[in-house]
Amino acid sequence: MNCETINPRKRFLTNLPTAGMIFMILVVLCAVLGIMKPAFVSQYNIMSLSRSISYKTMVAFGQTLVLLTGGIDLSVAGMAGMAGIFVTTLMVDVGLNPYLSIAIVLVGAFLGGLLNGFFITKMKMVPFVVTLATGSIFTGVIYVVTKGSPIMGIPESATRLGQGVISNIIPYPVVLMVLLAAVLVYMLRFTPFGRHIYAVGGNLYAAEIAGIKTAKVTSMVYGLSAVTAAVAGIMITLRLGTAQPTIGADWVMPSVTAACIGGTSLSGGRGGIIGSIVGGVFMGVISNAIVILNVSPYWENVVIGTVVLVAIAIDRFKAISR
Amino acid sequence: MKRILLVLLALMLLLTPMLSAAAEAVTYDKTEYHLVFIPKLVHEWYEDVKAGIDTAVAELAQQGITVTYSWDPPTDAVVTDQIAKIEGAVATNPDAVSIAVIDASATNNVINELVASGVKMCTFDCDAPDSNRYYYCGHAGNYEDGFYMGETLAKACDYTGEVAILAGTLSAGNHQDRVKGFKAAIEQYADMTIVAEQADNDSVETALDVMEGWISAYPDLKGVIGVNAASPIGASRAVTDAGKVGKILIVGMAENQEAMEYVKSGTILCTLKQQVPTYGYNSVFNMLLIADGKEPTVKVDEIPAIYVTSENVDQFLTK
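Heads up: the sequence lines are chains W and R, in that order. Numbered per our numbering, the first sequence spans residues 2 to 323. Numbered per our numbering, the second sequence spans residues 11 to 329.
To be clear, the hints were calculated from the coordinates, so they are not data collected in a lab. Just so you know, these numbers come straight off a predicted model, no measurement behind them. Among the hints, a few may not be true.
[Claimed, not checked] Covered by chain W, according to a simulated footprint, are these stretches of chain R (three or more residues, beta-carbon under 8 Å): (1) 53 to 65; (2) 202 to 213; (3) 221 to 227; (4) 257 to 269.
C-beta atoms are modelled at their ideal positions from N, C-alpha and C, and glycine is treated no differently.
With these hints in hand, go ahead and build the complete structure from the sequences.
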């Protein structure tokens with residue numbers, strides 16, 4: 002009887018997934034910004050904004066996989082920076098082919114991620130502590146290698162990967178982000194490994210009883226998180242044309258925030274890649290709006306925090322009223 | 011008038027070797043010293059300070075004086091981390107300690123307590139002028155630098171048009187002073203407007219994102235100042251990619267090779283090159299004097315900076 006009394010519009014909103022709700026807020030936000038500042042919807046801004054969003058969103062993809070298992074990866078910032086430095090070192094100092102350099106670094110990143118997984122699954126250490134420690138090591142390695150100096154001289158054939166744009170509007174990193182998203186969505190939805198990730202995060206013990214090799218799944222997820230962070234670190238390095246030691250240093254919180262406001266649960270088992278794209282775009286649009294609207298730099302963090310809090314609160318309100 | 015100038019020149023030529031001889035005549039009480047240097051953070055910029063220290067150490071070794079030193083920067087410019095480093099360094103009983111102060115208001119008390127307990131505290135690069143430190147060596151004219159950059163940019167813009175400020179890290183005193191100086195210079199000209207000001211948190215990546223936003227939002231933007239080492243680089247990347255080199259002029263405080271190449275290409279109109287090795291070099295000799303209980307050659311050792319433009323950039327390019 003109660004169902005019959007619920008307003009259909011309210012039913013639509015309460016049944017809408019978190020990512021859908023944030024997406025609706027995002028559309029309204031973009032429309033308002035477009036009206037207030039037509040520059041927001043200019044070709045140049047869409048191109049540069051989408052490229053800026055792509056890096057952190059790629060990191061958020063890996064973070065999402067880790068969060069789905071109930072873990073967290075705080076080493077993504079160090080891994081991204083280290084990947085950018087090593088790929089440049091291989092190209093500039095060793096003289097390797099750019100694509101071979103990237104392949105070597107991605108394999109190394111995967112192994113670095115597996116190291117996180119080893120400590121978490123075999124040594125039974127807490128993911129927060131393990132990845133905090135390895136992140137610190139990765140950041141330390143950056144400074145050992147660079148002594149704080151940027152590395153210059155990346156060949157043009159490589160920088161084109163980071164700086165290239167299709168039809169003056171779609172940057173290569175955005176194409177890469179979409180491809181990566183497609184692969185990960187397919188993996189999560191249509192492969193046994195993807196279902197095992199949800200199972201491990203939903204109920205670890207039930208997953209073990211069901212015969213899922215939880216340690217292997219968890220380790221692989223940390224490996225993939227390291228790879229997505231490395232891809233982002235390499236792409237921003239190629240975009241800048243120099244390997245900066247500070248690359249990605251502030252990417253941990255945005256990666257977690259993008260995943261969370263996209264509907265991924267911090268306790269695991271719920272969420273997905275599409276939501277993280279929505280979350281990443283949402284965060285990027287807010288940052289861009291602050292610049293375009295010339296919000297006082299002293300208020301910048303207050304505005305970002307408030308908007309994110311309101312967006313999540315709307316979603317929680319919806320969940321409570323369900 | 012010419013005669014007076016000639017006499018002055020002759021006097022200078024006579025006095026210079028005498029001053030050098032006086033410098034060489036300084037004697038030190040011990041043959042072994044241990045110094046501690048604590049920069050603000052791990053950064054390539056401080057490597058040049060270290061090079062200056064190494065030069066001084068090598069010169070002293072030739073005089074039979076062995077100087078060892080610890081170089082212990084925090085990974086990030088966090089004031090509490092730096093204070094922990096200072097306190098840890100003092101435990102090794104060094105002859106003198108010099109720090110590049112992150113936040114003077116938070117560090118003054120620490121310096122004063124250590125000085126009171128007999129530790130020979132000095133500063134380099136960033137000072138704590140209200141503390142009881144024995145000696146400072148660096149370039150403290152941040153307001154003047156900001157003002158000079160404002161004047162330079164205004165002149166290049168024919169004293170009209172829109173400009174913007176990449177304000178660095180909001181809590182950094184030197185960045186704040188440069189911003190104030192820049193604003194004071196621009197505000198002299200009624201036809202110039204500061205249309206935007208954003209923090210970049212010393213990140214090339216953030217500066218790039220902000221600059222791209224401004225290129226969209228302010229199509230008539232004529233100039234930008236970046237008040238730290240990172241922001242002129244990020245701004246230059248954005249301006250280059252947008253095909254706006256020469257249309258949006260950049261001034262700032264970046265002094266690495268990448269910045270010099272942007273000056274050479276005309277993307278950066280003017281940047282500032284500090285004589286960083288001198289900070290380390292002068293500090294070593296003065297810290298030895300202070301360790302011996304003598305007065306430093308000068309209490310505030312202000313080292314002037316060089317403004318780099320396309321006219322003099324070649325001498326700073328190392329290729």
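- Message: Tell me whether the statement that chain W covers the segment 53 to 65 of chain R is true, taking a Cβ distance below 8 Å and needing three residues at minimum.
- Response: Per the Cβ count (5), the hint holds.
- Task: Tell me if chain W covers the segment 257 to 269 of chain R under the three-residue, 8 Å CB rule, please?
- Result: holds (count 3)
- Quick check: the segment 221 to 227 of chain R, covered by chain W? Criterion 3+ residues, Cβ under 8 Å. holds (count 6)
- Counting residues of the segment 202 to 213 of chain R that have a beta-carbon nearer than 8 Å to any beta-carbon of chain W, does the count reach 3? holds (count 8)
Comparing the model with each numbered hint stated earlier shows that all of them hold.
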